[in-house]
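Colleague: So the chains spell out like this:
There are 2 protein chains.
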Amino acid sequence: MAKYLEIVRWVENRIKNGELADGDKLPPENELGAMFGYSRQTVRHALSVLGKKGILESRQGSGNYIRSGQSAVSEDTREKRIKVISTYINSYLFPRVLQGMTRTLEAHGCSVGIAFTYNHIDDEKRVLEEVLGEDVDGVIAEPVMSGIPNVNCDLYEKIREKGIPVLFFHSYYPGLGIPHVSLNDVEAGKAAAEYLISLGHRRIAGIFKSDDGQGQRRYQGYVEALRAHDIPIRESRVVWLDTEDERNFTYSRDRILNRMKGCTACVCYNDEVAHALTGLLQEEGIAVPNEVSLASVDNSELARLNAVPLTSVIHPMESLGERAAENLLAMIREPDFDGTYEFPVEIKVRESAVRCRARG
Amino acid sequence: MAKYLEIVRWVENRIKNGELADGDKLPPENELGAMFGYSRQTVRHALSVLGKKGILESRQGSGNYIRSGQSAVSEDTREKRIKVISTYINSYLFPRVLQGMTRTLEAHGCSVGIAFTYNHIDDEKRVLEEVLGEDVDGVIAEPVMSGIPNVNCDLYEKIREKGIPVLFFHSYYPGLGIPHVSLNDVEAGKAAAEYLISLGHRRIAGIFKSDDGQGQRRYQGYVEALRAHDIPIRESRVVWLDTEDERNFTYSRDRILNRMKGCTACVCYNDEVAHALTGLLQEEGIAVPNEVSLASVDNSELARLNAVPLTSVIHPMESLGERAAENLLAMIREPDFDGTYEFPVEIKVRESAVRCRARG
Chain Y
30 MAKYLEIVRW
40 VENRIKNGEL
50 ADGDKLPPEN
60 ELGAMFGYSR
70 QTVRHALSVL
80 GKKGILESRQ
90 GSGNYIRSGQ
100 SAVSEDTREK
110 RIKVISTYIN
120 SYLFPRVLQG
130 MTRTLEAHGC
140 SVGIAFTYNH
150 IDDEKRVLEE
160 VLGEDVDGVI
170 AEPVMSGIPN
180 VNCDLYEKIR
190 EKGIPVLFFH
200 SYYPGLGIPH
210 VSLNDVEAGK
220 AAAEYLISLG
230 HRRIAGIFKS
240 DDGQGQRRYQ
250 GYVEALRAHD
260 IPIRESRVVW
270 LDTEDERNFT
280 YSRDRILNRM
290 KGCTACVCYN
300 DEVAHALTGL
310 LQEEGIAVPN
320 EVSLASVDNS
330 ELARLNAVPL
340 TSVIHPMESL
350 GERAAENLLA
360 MIREPDFDGT
370 YEFPVEIKVR
380 ESAVRCRARG
Chain U
30 MAKYLEIVRW
40 VENRIKNGEL
50 ADGDKLPPEN
60 ELGAMFGYSR
70 QTVRHALSVL
80 GKKGILESRQ
90 GSGNYIRSGQ
100 SAVSEDTREK
110 RIKVISTYIN
120 SYLFPRVLQG
130 MTRTLEAHGC
140 SVGIAFTYNH
150 IDDEKRVLEE
160 VLGEDVDGVI
170 AEPVMSGIPN
180 VNCDLYEKIR
190 EKGIPVLFFH
200 SYYPGLGIPH
210 VSLNDVEAGK
220 AAAEYLISLG
230 HRRIAGIFKS
240 DDGQGQRRYQ
250 GYVEALRAHD
260 IPIRESRVVW
270 LDTEDERNFT
280 YSRDRILNRM
290 KGCTACVCYN
300 DEVAHALTGL
310 LQEEGIAVPN
320 EVSLASVDNS
330 ELARLNAVPL
340 TSVIHPMESL
350 GERAAENLLA
360 MIREPDFDGT
370 YEFPVEIKVR
380 ESAVRCRARG
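Protein chains in written order, with the working numbering: chain Y, 30 to 389; chain U, 30 to 389.
Only chain Y is shown next, with the shape it has when bound in the complex (with noise of 0.2 Å):
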């Protein structure tokens, strides 16, 4: 953060707790630039900085008064600065997550600034590296590779130290204590499973994310389901994929027919994974649904223009979207609010899965 913004945060946050309130006099520019061991220049910019929002009054040679009316409302009134990190990876879902976290938090009177990572740890450093530099009341960030060890950790914890609450969307890092607001992705798996295992299939393999954390939770999910209904688990049946593979479909062919060998149906991780499956095993001869079923997640557009179309878990989107808007929102006028939510699931049933006719 410039130097000059922390003098400005410290003066809005003394007003935002009570104690500064209307008609205060700050404390003279050489004390301020004491206090904080800045130059007098530093401490000329921020007051200009809280004169021109409206928030001291100079009076000549008196000093710099906080202006009336700033203490009760200024809290609620003035404009919240929000920073969206996001990744851009699920096209399909990513618009209308942020379509909803934005206009939520326009409603409220926020400045939306949203950056890109690209799921690439890279920019993430660069995009957070800039929010330390900035002045921001708040966080919403899609962690990027959330399922291997994050480099990055070190940079969010430098923002939280700042006072600055970070809320993930979508999903998070396990070794941080940063709320998440997402979709259960155990429950997403484990719904995908127990919807192929209640049309009597057993043999079912899996296709998982490696590098997310859903891709991690989904997995659990399936296990978890097969377990409940005393299915063998084999570890041959399940694939896993990083974000460079689901890109590269194809290189991944001889590893994915090969554990699906002897399946009847497949947990696919999500709806561009259940697509691509779909156009892989149409090419090698095999049908579905009827020699294999598929259940997916995300019920998006795919799910509905797929060749055959999905079953797949509902994914909130827009209202996760709007969650993580109003948890973020609710952190900053609370600090000891709890941001975590995840959403229950449900499943969208299509033609993708059919009953289970192969034996034993």
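Hints are computed from structural coordinates only; laboratory data are not their basis. Any given hint could turn out to be false.
Same chains, same names: a pair is fine if it fits in one copy or spans any two.
With a straight-line cut-off of 25 Å between C-alpha atoms, the simulated SDA-like cross-links for lysine to any residue are [unchecked claim]: (1) Lys154 / Glu186; (2) Lys154 / Ser265; (3) Lys187 / Gly204; (4) Lys45 / Asp166; (5) Lys45 / Pro124; (6) Lys54 / Phe145; (7) Lys154 / Gly308.
Following the hints, position chain U against chain Y.
Modeller: Same frame as chain Y, now just chain U:
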């Protein structure tokens, strides 16, 4: 645990912590039965076992007394029953780790029972359920697939709730507070990458295991090394393999070659991966080390015997087994002992990596 064993353990533990001493009289059979809620038959069986162990003597018409000489020395001389649970996956490491472990345990008068999980969670479940029914003093376990969520963690917790110390070796589940003895895998990945960087390489691929914690931590070290030298991190240069992929390396041929495009070097998860990669590159007419340099981890026999002998981070093997055994015994003696130890790393230089000749 069988009912009678609960009573046996209760008596042994009271002797151990000094609540019962030589010549002390045990409560009458009916009181013991009431305390535990077990039948007189079960109590009698427990007392007879304690008699056979030489811990109790029965005096006709008077009751059961702690045999003299028990209180001071019983805990040190009584044979400890240690359960060792291993995956048996890294066959070039396992026998040597186990040798160090069992030799140390037996030198301390322990009896050692070994069980295998084959890195399957269903087998791990079966083995842990068996342990819960046995009378063991400590467990040394190699976690199954510690890089992805494990649904058997509740069973490890149940074992600890019974007061049985558990120590992991090779890896650990981050969520559980169970100590571990392992190589410092973050440093291992970092050392392999640092060595390649020291030879002038900057376009360095990485192949890691996704389903075990070592793979994730070695990846973290690789990323930290690149970042420390201001080398951009390209997710497209990292390949994640799971246990099945490692066994069927050729199914990943296209993925691996695609990720390595333009790279002059590669950090390999372990010697097995480096060995398979050497073969794959040679088949493609790519010369190791002149076109692609390799650095690996484990320094096993395979590193020495590989077509191009491998530069590889040294794995402590026997020492790791010995240390795990010693730390578990310390945990049994002193319940507050922290058994965690990570071995520092050192790299063995051979022919698989040479100075980078490429530009840019």
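Colleague: Does each hint fit the structure? Answer for all of them.
Modeller: Taking the hints in turn, this is what the structure says about them:
| no. | hint | result |
| --- | --- | --- |
| 1 | Lys154 / Glu186 | within (13 Å within a copy, 37 Å between copies) |
| 2 | Lys154 / Ser265 | between (36 Å within a copy, 17 Å between copies) |
| 3 | Lys187 / Gly204 | both (15 Å within a copy, 23 Å between copies) |
| 4 | Lys45 / Asp166 | within (13 Å within a copy, 58 Å between copies) |
| 5 | Lys45 / Pro124 | neither (34 Å within a copy, 65 Å between copies) |
| 6 | Lys54 / Phe145 | neither (42 Å within a copy, 74 Å between copies) |
| 7 | Lys154 / Gly308 | neither (36 Å within a copy, 37 Å between copies) |
In this structure, the earlier hints numbered 5, 6, 7 are contradicted, and the remaining ones agree with it.
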